[in-house]
Amino acid sequence: MKRKLIFLILLIRGIAFAVLDDYTLKNKVEHNDIRALQELRVTTLDPIKLNDIYSKRAYIYIYETLFEIDDDGVIHKKLVSDYRYINSKNLYIKLRDNIKFQDGSLLTAKDVKYSLMRMKKKGALKEFYSNIQDIEVLNSSELIIRLNTEEKYLFKLLSHSMSSIIKEKDGKLFGTGEYQVKSFDKDQIVLSDNNKEKTFTIERVFSTKERLLALFNENADIVYDITDYNIIKGKRLEIINEDKIEIKASDNIVTLALIFRKERELKFKKVIQSSIKDKTENILPPEIYGEKFKVQESNLSEIEIKSYIDFLKKENKKIELMILNTEEDRALAKKIESDLKNNGIQINITPYQVDAFYYKLKNKDYDIALQHLVFNKKFPQISLGKVILYDIYDRNLYNSFSLIKAQLGIDKGLEKNNSTFIRDINNIFNKIPYIPIKHQALYILHNKEIGEEKIKK
Numbered sequence: 001m002k003r004k005l006i007f008l009i010l011l012i013r014g015i016a017f018a019v020l021d022d023y024t025l026k027n028k029v030e031h032n033d034i035r036a037l038q039e040l041r042v043t044t045l046d047p048i049k050l051n052d053i054y055s056k057r058a059y060i061y062i063y064e065t066l067f068e069i070d071d072d073g074v075i076h077k078k079l080v081s082d083y084r085y086i087n088s089k090n091l092y093i094k095l096r097d098n099i100k101f102q103d104g105s106l107l108t109a110k111d112v113k114y115s116l117m118r119m120k121k122k123g124a125l126k127e128f129y130s131n132i133q134d135i136e137v138l139n140s141s142e143l144i145i146r147l148n149t150e151e152k153y154l155f156k157l158l159s160h161s162m163s164s165i166i167k168e169k170d171g172k173l174f175g176t177g178e179y180q181v182k183s184f185d186k187d188q189i190v191l192s193d194n195n196k197e198k199t200f201t202i203e204r205v206f207s208t209k210e211r212l213l214a215l216f217n218e219n220a221d222i223v224y225d226i227t228d229y230n231i232i233k234g235k236r237l238e239i240i241n242e243d244k245i246e247i248k249a250s251d252n253i254v255t256l257a258l259i260f261r262k263e264r265e266l267k268f269k270k271v272i273q274s275s276i277k278d279k280t281e282n283i284l285p286p287e288i289y290g291e292k293f294k295v296q297e298s299n300l301s302e303i304e305i306k307s308y309i310d311f312l313k314k315e316n317k318k319i320e321l322m323i324l325n326t327e328e329d330r331a332l333a334k335k336i337e338s339d340l341k342n343n344g345i346q347i348n349i350t351p352y353q354v355d356a357f358y359y360k361l362k363n364k365d366y367d368i369a370l371q372h373l374v375f376n377k378k379f380p381q382i383s384l385g386k387v388i389l390y391d392i393y394d395r396n397l398y399n400s401f402s403l404i405k406a407q408l409g410i411d412k413g414l415e416k417n418n419s420t421f422i423r424d425i426n427n428i429f430n431k432i433p434y435i436p437i438k439h440q441a442l443y444i445l446h447n448k449e450i451g452e453e454k455i456k457k
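All letters in the sequence shown, in the order written, are residues 1 to 457 by the UniProt record's numbering.
There's no promise every hint is true.
[To be verified] List of simulated lysine-lysine pairs, DSBU-like, C-alpha gap at most 35 Å:
| # | residue 1 | residue 2 |
| --- | --- | --- |
| 1 | K198 | K269 |
| 2 | K110 | K209 |
| 3 | K126 | K56 |
| 4 | K49 | K186 |
| 5 | K267 | K248 |
| 6 | K317 | K378 |
| 7 | K335 | K378 |
| 8 | K360 | K431 |
| 9 | K94 | K277 |
| 10 | K235 | K121 |
| 11 | K378 | K341 |
| 12 | K152 | K362 |
| 13 | K294 | K341 |
| 14 | K198 | K209 |
| 15 | K209 | K78 |
| 16 | K113 | K196 |
| 17 | K360 | K318 |
| 18 | K172 | K362 |
| 19 | K182 | K94 |
| 20 | K292 | K314 |
It should be emphasised that the hints constitute simulated quantities derived from the structure, not laboratory data.
All chains, full assembly: derive it from the sequences and hints.
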């Protein structure tokens with residue numbers, strides 16, 4: 001049976017190359033059952049808890065936002081029929097008519113206020129909503145978003161999946177999207193369209209090789225979270241055939257970085273940083289944030305470094321490196337181990353399966369960990385906040401970042417490379433919250449037989 005999937009391509013101005021954000025199903029899809037595999041599970045369907053890319057992939061089917069960003073990074077109306085600034089701090093919005101939630105009820109201005117104010121009060125990244133002072137409901141279809149200060153970033157914020165408009169009824173959340181939840185368990189979510197004719201399944205398969213094999217054997221239509229390393233290995237194993245499989249860069253960049261338990265002092269981090277030879281000079285992925293954010297090389301002398309290493313040996317300080325039990329992470333950990341040993345530092349590498357790894361990470365039960373920090377090209381500031389708070393779990397660093405953002409105004413931050421912002425971010429990272437080893441693109445692979453893709457450049 002002929003299968004056709006229309007892909008949504010997001011191109012952000014100011015980024016040097018085209019990227020594929022996520023695949024979305026439209027009414028023209030003829031293949032009724034799409035199966036997508038990703039590295040980690042969908043953990044939440046509640047917008048106020050959203051802090052990862054894996055859950056977000058389900059949101060684009062279930063929920064909608066007031067605005068959306070098109071292929072060229074331009075903001076367009078989604079649930080909105082009209083809008084205008086009354087003045088620099090008051091945004092008037094009129095909703096589209098006859099938009100229904102999945103329970104059959106009509107979308108109203110009260111639903112918009114409830115969704116956004118709920119995010120402001122309880123959201124995982126609620127600080128990004130702090131400039132929203134209040135929302136005034138004028139009638140069932142009109143409202144005014146009142147701001148504390150002028151904010152040009154507002155439309156991007158209202159386009160983010162965290163700003164999805166929901167209706168809460170009897171403890172259940174409903175969206176206005178084309179799909180609703182059919183089933184949701186630990187490793188799989190199945191969505192069905194509102195006519196119950198089509199399904200879209202997102203499944204967690206941690207093993208990259210298993211994901212690629214499923215695509216090769218036509219047991220999957222889409223696989224996410226693939227790196228250059230995986231692609232090279234897959235081609236070598238002949239399970240990636242570019243005559244049948246399309247490879248696209250996603251809008252996500254992963255930074256492999258060493259993070260430390262809270263008790264590790266700055267000098268320890270500097271010694272580790274000085275000992276690792278093969279590492280990036282950029283704190284943040286340059287594809288997103290430019291070349292302004294550089295790793296500050298250690299100011300320790302060779303005598304100071306040797307003295308500290310002798311101290312570690314004398315105290316018999318045990319250094320444990322926690323990693324995910326993957327071929328790629330094991331190979332990188334071996335390189336790090338070799339560099340440290342060449343400098344007289346002994347470490348033990350301890351691989352963990354995915355659930356145990358993230359459990360220990362969240363509970364800060366580690367010494368050093370090789371973590372995967374995922375940055376998004378489309379929402380650079382929100383992405384940075386998410387990484388600090390939920391990838392390295394550093395609340396103090398996040399508070400510092402939020403303070404700088406508030407002082408400068410969010411629209412004068414990363415996107416415009418404000419010199420003060422750059423200086424302050426570099427000062428924060430002088431404390432070495434993590435040591436970036438390398439930045440690498442994440443790719444999405446799909447079977448060409450699914451259908452044509454539409455890419456606007």
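Evaluation of the provided hints:
1. A C-alpha spacing of about 52 Å is found between K198 and K269, which places the hinted pair above 35 Å, so the restraint is violated.
2. This hinted pair does not check out: K110 and K209 have alpha carbons roughly 47 Å apart, beyond 35 Å.
3. Taking the CA atoms of K126 and K56, the gap is about 17 Å. The hint holds against a cut of 35 Å.
4. With a CA separation close to 17 Å, the supplied pair K49 and K186 stays within the 35 Å bound.
5. For the proposed pair K267 and K248, the alpha carbon gap of about 41 Å is over 35 Å, so the pair is violated.
6. This hinted pair does not check out: K317 and K378 have alpha carbons roughly 43 Å apart, beyond 35 Å.
7. For the suggested pair K335 and K378, the alpha carbons sit about 32 Å apart, so the restraint of at most 35 Å is met.
8. The hinted pair formed by K360 and K431 meets the criterion: a straight-line CA distance of about 23 Å does not exceed 35 Å.
9. Taken as a hint, the K94 and K277 pair is broken in the structure, with Cα atoms around 56 Å apart against an allowance of 35 Å.
10. This hinted pair does not check out: K235 and K121 have alpha carbons roughly 48 Å apart, beyond 35 Å.
11. Only pairs whose Cα atoms come within 35 Å are accepted, and K378 paired with K341 is rejected, the gap being roughly 40 Å.
12. Between K152 and K362 the alpha-carbon distance is near 34 Å, which keeps this suggested pair within the 35 Å criterion.
13. Between K294 and K341 the CA atoms are separated by roughly 26 Å; this keeps the pair inside 35 Å, and the hint holds.
14. Taken as a hint, the K198 and K209 pair is honoured in the structure, with Cα atoms around 28 Å apart against an allowance of 35 Å.
15. A C-alpha spacing of about 38 Å is found between K209 and K78, which places the hinted pair above 35 Å, so the restraint is violated.
16. The hinted pair formed by K113 and K196 meets the criterion: a straight-line CA distance of about 30 Å does not exceed 35 Å.
17. Between K360 and K318 the CA atoms are separated by roughly 18 Å; this keeps the pair inside 35 Å, and the hint holds.
18. Distance hint between K172 and K362 is fulfilled; the C-alpha atoms sit about 27 Å from each other, no more than 35 Å.
19. Between K182 and K94 the CA atoms are separated by roughly 32 Å; this keeps the pair inside 35 Å, and the hint holds.
20. Using a Cα cut-off of 35 Å, the hinted pair K292 and K314 is violated, with the two alpha carbons roughly 40 Å apart.
Consistency with the previously given hints fails for numbers 1, 2, 5, 6, 9, 10, 11, 15, 20, ordered from lowest to highest.
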